[in-house]
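Respectively, the protein sequence lines represent chains A and B. Residue numbering for the first sequence follows the working numbering, starting at 1 and increasing by one per position. Residue numbering for the second sequence follows the working numbering, starting at 1 and increasing by one per position.
Treat the hints with care, since some could be wrong.
Any copy, or any two copies together, can satisfy a pair, since identical chains are not distinguished.
Unchecked claim - Subject to a maximum C-alpha distance of 30 Å in a straight line, what follows is the list of computed BS3-like cross-link-like pairs (lysine-lysine):
hint : residue 1 : residue 2
1    : K134      : K105
2    : K14       : K362
3    : K134      : K252
4    : K299      : K46
5    : K362      : K105
6    : K299      : K153
7    : K153      : K134
8    : K46       : K111
9    : K299      : K80
10   : K80       : K46
11   : K111      : K382
12   : K108      : K87
13   : K14       : K299
14   : K382      : K14
15   : K80       : K111
Hints listed in this document are in silico derivations from the structure and should not be mistaken for laboratory results.
Protein chains: 2
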Amino acid sequence: MIISKEKELSFPLKWFSIPQCWRFENVQRGRKREHFQWNMDIIGVKNVAAEAELIFAIISLYQSLHLSSGDVGIKVNSRKVLNSVLKIMDVPDEDFSSICITLDKLDKIGKDRVVEDLMGAHNLQHECCLNIVKVVSCTSLEALEETVRELNKEAHAAVPELRSALDELRLLFSLLDSFGVMEYVTFDASVVRGLAYYTGIVWEGFDLSGEFRAICGGGRYDNLMKLYGAQNEISCVGFGFGDCVIMEVLAKRNLLPQTKKTCDVVVSAYNQEMLIYACNITSQLRQTEVIVDLSLQPKSRIGHIFDYADRSGADYMIFVAPDEIARGKVRIKALRACFNETDLRHFMSLRDETFELAEDGKQLDVPLASISLFVQELHALKSASR
Amino acid sequence: MIISKEKELSFPLKWFSIPQCWRFENVQRGRKREHFQWNMDIIGVKNVAAEAELIFAIISLYQSLHLSSGDVGIKVNSRKVLNSVLKIMDVPDEDFSSICITLDKLDKIGKDRVVEDLMGAHNLQHECCLNIVKVVSCTSLEALEETVRELNKEAHAAVPELRSALDELRLLFSLLDSFGVMEYVTFDASVVRGLAYYTGIVWEGFDLSGEFRAICGGGRYDNLMKLYGAQNEISCVGFGFGDCVIMEVLAKRNLLPQTKKTCDVVVSAYNQEMLIYACNITSQLRQTEVIVDLSLQPKSRIGHIFDYADRSGADYMIFVAPDEIARGKVRIKALRACFNETDLRHFMSLRDETFELAEDGKQLDVPLASISLFVQELHALKSASR
């Protein structure tokens, strides 16, 4: 889409989407065939500020989900680091992608197996493989620089390339520090991400317990648009954040957000004739902030009606029955706390009306003409007291 | 899902979903291969109050989209009407579904063609076909009763069935009247809906100009669950409301909702060093109600920065540049209206600060430490004045 509209769009773009995605693979914990994925991409920005903006967005979500830097974090690296280190060690360029795939397994299969695999698949010397693993095991920029210095290849042409990659990472970290979120961020030279098209900085969200897969992943992919036919190279950074792993992370910590109760008031009718009044009250209340569930099956058995109202999570039930209607009234029951007598007196004094409050303080007959207003005031009082 | 959980769920259920749907067919106006569809279903309610609740929901959406009863409506019928009329005219039961499909074309191909098709496909006498078309052309319950009376078949066993279907429709209309939405609703005996599984009341949303396809469609399908293996018959009513036709209806009337502007403030940096301050201000403001767009490409060319801020629709731009930072300040520009001097004096007096307002009333240097608070107050003042 971006490529076909390249000339019309005004860059930079900041886009997001939350599509439902599918993939064909075996279902595992935190990995399903169907999921929702939050994507954010910034198109047209070379500056590492784009990476900072996106990582800040992810951490803002962490924070709004009450996940601290003791729970989750983001590991950041740059593909340029490994790329230049391999050059310094005279490993051919064309081996880069497949070495990435081997190194991506470091966590799962351990250093020794990775060294073996590198020697076998890429025909590299044992010492060279050890050095590669040593480099990608670095977890600070300082350690990385120190390790490269020990390789004694200061004179190699790729050293300035490595320096510039490290400068870019330093700049990113200083921006994230300004954003106030650096406590969530660590450098990790082993992060390379599975996708072949990343060209620069890459990152992944992780759970500190180490129990789950990556929470999210992203990076810069400056060449992709040209690959698909764009006239010019278009700078792109983006990430994908699926709903599966984060749900596991939240569930484990009992941090899954509570969904709000579904209604404030249930309106019930004693029989078919009373349903006419119930519909009318419902319609009036639905024009306000009050959330109303109309009970659709008029039942003479009061027990059923209460069961239904109770399950709904409502605070009040309005019950429309022939005896009260004959007196121009409807009954309202408080399902949780009692009615507040002071509130009632205030409400009555405003309208010169009298209500009959039952002895348990939970039942009241209100004039049919006032019921909608009465419930709105109860609702407003309750919202104000929260 | 309902069938597999039949024993655990507590009925009745009121469910809705808004999935993305696909279908394989030719793309036409108001009919695409991919669309979003709002579905609502009520499961476990025999009472026609369920139909009333769903139709009320559709009309509530009409109203919130500012579509009056002069723009759109809902045509209601019951399949039981046609079913019993066919019985009265001694048409075999098994022809019911295919007759529905033929009658569904009445609007498109006209009465004469429908009569021809009925005679050809179902081997019915000409007079019988004329009568069927006469019945389904009725647009009031009274006209329908009158037409059936003229058929002179009062003694037929199916007459009570027709009466009960008409009583059900009358009850539905009285409930919709209580809901206060009857002005949108008409009876139309020709509405049968394409889906074979409907068993009772059916309806479709329509545009009064007659220019578009059905806006939505729904009905009762009491047998479907048993067909798919439910232990007992489960009463179901539901509708589907796609996003394609309603978009056309709204577009034609210039009623498409305006999407809100995307941000309140743009924060821009003069150069890479200033980006550090810009990130910090952005982070502070994003913890408030203020929506902030951080401009990610520091540029010395002030023209570019203004273009970007202007396109964003923001009210203010915060510009972080070395000269002001050296004095501990940042510049804020009003992009639409001027700053209000009274507001400024009030704000300053609270903090014992002085700001330098430019002559055009649109530019101000604010202490770096106060900028976040200052923008929040501007924002609060603006929200309050709306």
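Cross-check of the supplied hints:
1. Taking the shortest alpha-carbon separations for K134 and K105, only the intra-copy value of 15 Å comes in at or below 30 Å, while the best inter-copy value is 75 Å.
2. Only between protomers do K14 and K362 lie at most 30 Å apart by alpha-carbon distance; the minimum there is 28 Å, versus 54 Å within a single protomer.
3. Taking the closest pair of Cα atoms, K134 and K252 never come within 30 Å of each other, the shortest separation being 34 Å inside a single copy and 66 Å across copies.
4. In this homomeric assembly, K299 and K46 come within 30 Å of each other (Cα to Cα) only across copies, at 12 Å, whereas the closest approach inside a single copy is 67 Å.
5. Taking identical chains as interchangeable, the C-alpha atoms of K362 and K105 are never at most 30 Å apart, the minima being 64 Å within one chain and 57 Å between chains.
6. In this assembly of identical chains, K299 and K153 lie within 30 Å of each other by CA distance neither inside one copy nor across copies; the values are 87 Å within and 37 Å between.
7. Within a single copy, K153 and K134 get their C-alpha atoms as close as 15 Å, which meets the 30 Å cut-off; across copies the closest is 95 Å, which misses it.
8. In this assembly of identical chains, K46 and K111 lie within 30 Å of each other by CA distance neither inside one copy nor across copies; the values are 35 Å within and 66 Å between.
9. Taking CA atoms no more than 30 Å apart as the test, K299 paired with K80 passes between copies only; the shortest distance there is 26 Å, against 72 Å inside one copy.
10. Only within a single protomer do K80 and K46 lie at most 30 Å apart by alpha-carbon distance; the minimum there is 15 Å, versus 67 Å between protomers.
11. Taking the shortest Cα distances, K111 and K382 never come within 30 Å of each other, neither inside one copy (61 Å) nor across copies (60 Å).
12. In the homo-oligomer, the alpha carbons of K108 and K87 lie at most 30 Å apart inside one protomer (26 Å), although the nearest pairing across protomers, at 72 Å, exceeds that limit.
13. When the C-alpha separation of K14 and K299 is checked against a cutoff of 30 Å, the pair qualifies only between copies, where the shortest distance is 18 Å, while the shortest distance within a copy is 55 Å.
14. Taking identical chains as interchangeable, the C-alpha atoms of K382 and K14 lie at most 30 Å apart only when they sit on different chains, with a minimum of 26 Å there against 40 Å within one chain.
15. For a Cα distance limit of 30 Å, the shortest separation of K80 from K111 inside one copy, 22 Å, qualifies, whereas the shortest one across copies, 74 Å, does not.
Of the hints listed earlier, those the structure fails to meet are numbers 3, 5, 6, 8 and 11, in rising order.
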